[in-house]
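Respectively, the protein sequence lines represent chains A and B. The first sequence lines up with residues 0 to 275 when you count with numbering that gives the first Met the number 0. The second sequence lines up with residues 0 to 374 when you count with numbering that gives the first Met the number 0.
Among the hints, a few may not be true.
With a Cα cut of at most 27 angstroms, we get these calculated BS3-like pairs of lysine-lysine [claimed, not checked]: (1) Lys253/A to Lys45/B; (2) Lys222/A to Lys36/A; (3) Lys45/B to Lys269/A; (4) Lys159/B to Lys299/B; (5) Lys41/A to Lys12/A; (6) Lys12/A to Lys36/A; (7) Lys41/A to Lys6/A; (8) Lys317/B to Lys253/B; (9) Lys230/A to Lys177/A; (10) Lys4/B to Lys87/A; (11) Lys36/A to Lys250/A; (12) Lys45/B to Lys190/A; (13) Lys140/A to Lys190/A; (14) Lys193/B to Lys41/A; (15) Lys251/A to Lys190/A.
Cβ-Cβ distance ranges computed for the label pairs, FRET-style [to be verified]: (16) Pro146/A to Gly198/B: 51 to 61 angstroms; (17) Lys230/A to Phe201/B: 48 to 58 angstroms; (18) His4/A to Thr207/B: 25 to 35 angstroms; (19) Asp255/B to Gly270/A: 43 to 53 angstroms; (20) Gly270/A to Gln52/B: 21 to 31 angstroms; (21) Pro109/B to Thr143/A: 29 to 39 angstroms; (22) Tyr147/A to Asp55/B: 49 to 59 angstroms; (23) Glu54/B to His15/A: 31 to 41 angstroms; (24) Asn37/B to Ile16/A: 43 to 53 angstroms; (25) Leu5/B to Asp271/A: 25 to 35 angstroms.
Hint data in this document are derived by calculation from the structure and do not stem from the laboratory. All figures in this text were calculated on a predicted structure; none of them were measured in a lab. Each residue gets a CB set at the ideal place from its N, CA and C atoms; glycine is no exception.
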Amino acid sequence: MGAIHEKYLRMDKLPHIWCPGCGNGIIMSSFIRAIEKLGYEKDEVAAVSGIGCSGRITGYMDFNTLHTTHGRALVFATGIKMANPGLKVFVFMGDGDAAAIGGNHLIHSCRRNIDITAIIFNNHIYGMTGGQFSPTTFRNKYATTAPYGTTDPDFDLVNLCIGAGASYVARSTSYHAKMLTDLFVAGALHKGFAVIEVITHCPVNFGRRNEFDTPADMLRWQKDHAVRTAKADMVPMEEMEGKFVIGELIKKEKPEYVEEYDRLIETVRKGDAHRE
Amino acid sequence: MGEVKLLQGNEACVFGALAAGVRFFAGYPITPSTEIANIFARELPKIGGKFMQMEDEIASIGAVIGASCTGMKAITATSGPGFSLMQENIGFAAEAEIPCVIINVMRFGPSTGLPTHPSQADFMQSRWGTHGDHPVIVIAPYTAREAYRETGRAVNFSEKYRVPVIILMDEILGHLRERVEFKEEDIVKEVNRKGPEAGVPFFPYEHTDDWIPPFANFGSGYRCHITGLIHDRTGFPTNNPEIVDQVMRRMNGKIDKHIDEICRISTVDVEDAEIVIVAFGSVARSAAEVVRIMRSMGKKIGLIRPVTLWPFPDREIKKAAEGKKAIIVPEMNLGQMVREVIRTIEGETPVHPLNRIDGELITPRDIIDFIEEME
Ligand SMILES: Cc1ncc(C[n+]2csc(CCOP(=O)(O)OP(=O)(O)O)c2C)c(N)n1
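Isolated chain A (complex conformation) (with noise of 0.2 angstroms):
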């Protein structure tokens, strides 16, 4: 392991418990590197996560870290980005975390605009409970609770989140290390809600029951399957089918949560604000 390495995790917490050939390793390397880029205080930053495999990820990682209630990282995360806007605030979810019992928080983060970075390790699957189907396993694959295969649809959580109201909304994979660090890196530098999806692998309780034979299978998946923003306007329809675009999705200028909130302090302060 490199300086940065050293320089962001809490080294003695290591070896992690995450799975021989799991993307969550892959993300949080890309997670630091982007910290490194942005060049913020280990002190200034704070990072929230949820309960499930991705939920661990605080507690590798040197910073303030608050691992929180399954689904719920979101509103805790608003809690501090609102009592010390100061704070570079990063929240961690897994699909469950974030699209099934967090749904509602992840719309309404939306909403706001609050200027929180939230990134989602969508492995299509609830790893830390044994591989039962989430809100955006695609229809017909296997999971513990989909023996015969899933009837459910599927979430696309990109469209949810702009169609939610989000101000940035973007996706990669975790066979493009390098774009999540600089997708991290812009969702940082946004001044709002930021929401970057990771596509990533679960080997064990996704790829086994699901005809990938290794980790590398996954990967090349990802690979095959990703279509950039630049590309995805040329790329005929038919040819998207069962493909998704990776990059920034959408990125717009809208008011900020806390600033809002702070100039209507000063405003009733002054006296000036509207009663009804």
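Chain B with the ligand: place on chain A using the hints.
Chain B with the ligand alone, transformed into the frame defined by chain A:
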């Protein structure tokens, strides 16, 4: 002080919290607690504090805990259904030892129940609502004046003992408006959580002499890890049975260790009483009236009113019950506090429950009739 005000119970909670330094509120509207949110929304920005209306009560308590991690004093308010939704995260705060205050203005349940008639049926839930053995302090005011002072005390306890503190109100107390004359003893002084000591190695869950570990606020340079997993003194998860046992005993025991400061009861004419009423919240108002009326008739009646409900004031109740003819426990539920009274007294004095479960307050008449029938 010496100040006279017309205050609603819910309103008094807000001003007590602000006096204790609360600067963050997150909540979701629900009657009969809504005035608390409304008033925080009006007052907090005036003093640079922050108000948030969240998408639900789970989010509200989550945001409160998050804000508290940075050192800001934070509170939420709700009623029955919302209090039920908050339970998992209240457990998180108890386990991770994050100061926070939850006001539950009890309404009639279960479920949507009888909106929004009064009830005292969350007595047990307030103590045992979340899963697992956990510490919590519960305080039940009975006047607007006390709602002010006790909410202040709740905030201070949460900071001092790193524990969620629940203010258990009821619809009657929440909504009644009364003349309040503040006295010297009502002054709420701010208490702040203790932080790391300079020059001493810092462990965020240290088993200190007082059993209350110091708290390093997020952003203060300590970079702690906070988790709802059982953790050792460093804050990181452990499943070593010996350490788990120690940690659980400290975390749960820290309240008992400070029980003398935490417990508060109030008594009226108990000394020479033959019959003692044990009541809390708005029912204690009726009970106080009963003592006044029956004393004027020459009957020896007294009142014990637990202000701190949990930890339950075992010692005080046991002592007060000694040698009495009977204890009466009126409650707007099917008998919850009475179980604690029976447990405490251990068969020494007959204990009589008096319950109303029709959405109406137990009146002084109800209690007087009950006593007269009993005799
Ligand atoms: C309220 C609640 N319900 C259920 C669980 C059990 N649980 C733990 S992790 C998890 C799902 C994990 O899946 P995901 O969020 O996708 O994260 P991953 O483990 O795949 O990273 C569940 C259901 C829980 N901890 N809390």
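Going down the list of hints, with the structure as the test:
1. Lys253/A to Lys45/B: holds, 25 angstroms
2. Lys222/A to Lys36/A: holds, 25 angstroms
3. Lys45/B to Lys269/A: holds, 9 angstroms
4. Lys159/B to Lys299/B: At roughly 40 angstroms apart (the allowed maximum being 27 angstroms), Lys299/B and Lys159/B break the hint.
5. Lys41/A to Lys12/A: With a Cα-Cα distance of about 17 angstroms, the restraint between Lys41/A and Lys12/A holds, given a limit of 27 angstroms.
6. Lys12/A to Lys36/A: Holds, at roughly 24 angstroms.
7. Lys41/A to Lys6/A: holds, 9 angstroms
8. Lys317/B to Lys253/B: holds, 22 angstroms
9. Lys230/A to Lys177/A: holds, 18 angstroms
10. Lys4/B to Lys87/A: violated, 43 angstroms
11. Lys36/A to Lys250/A: Holds - the C-alpha atoms of Lys250/A and Lys36/A are around 20 angstroms apart, at most 27 angstroms.
12. Lys45/B to Lys190/A: holds, 26 angstroms
13. Lys140/A to Lys190/A: violated, 38 angstroms
14. Lys193/B to Lys41/A: holds, 23 angstroms
15. Lys251/A to Lys190/A: Distance of about 9 angstroms is within 27 angstroms: holds.
16. Pro146/A to Gly198/B: 51 to 61 angstroms: Once the Cβ atoms are compared, 60 angstroms apart, the range 51 to 61 angstroms for Gly198/B and Pro146/A holds.
17. Lys230/A to Phe201/B: 48 to 58 angstroms: holds, 52 angstroms
18. His4/A to Thr207/B: 25 to 35 angstroms: holds, 34 angstroms
19. Asp255/B to Gly270/A: 43 to 53 angstroms: holds, 49 angstroms
20. Gly270/A to Gln52/B: 21 to 31 angstroms: holds, 23 angstroms
21. Pro109/B to Thr143/A: 29 to 39 angstroms: holds, 34 angstroms
22. Tyr147/A to Asp55/B: 49 to 59 angstroms: violated, 34 angstroms
23. Glu54/B to His15/A: 31 to 41 angstroms: Cβ of Glu54/B to Cβ of His15/A: about 32 angstroms, so the range 31 to 41 angstroms holds.
24. Asn37/B to Ile16/A: 43 to 53 angstroms: holds, 46 angstroms
25. Leu5/B to Asp271/A: 25 to 35 angstroms: Holds: the Cβ-Cβ distance is about 29 angstroms, inside 25 to 35 angstroms.
When each numbered hint is compared with the structure, violations occur for hints 4, 10, 13 and 22.
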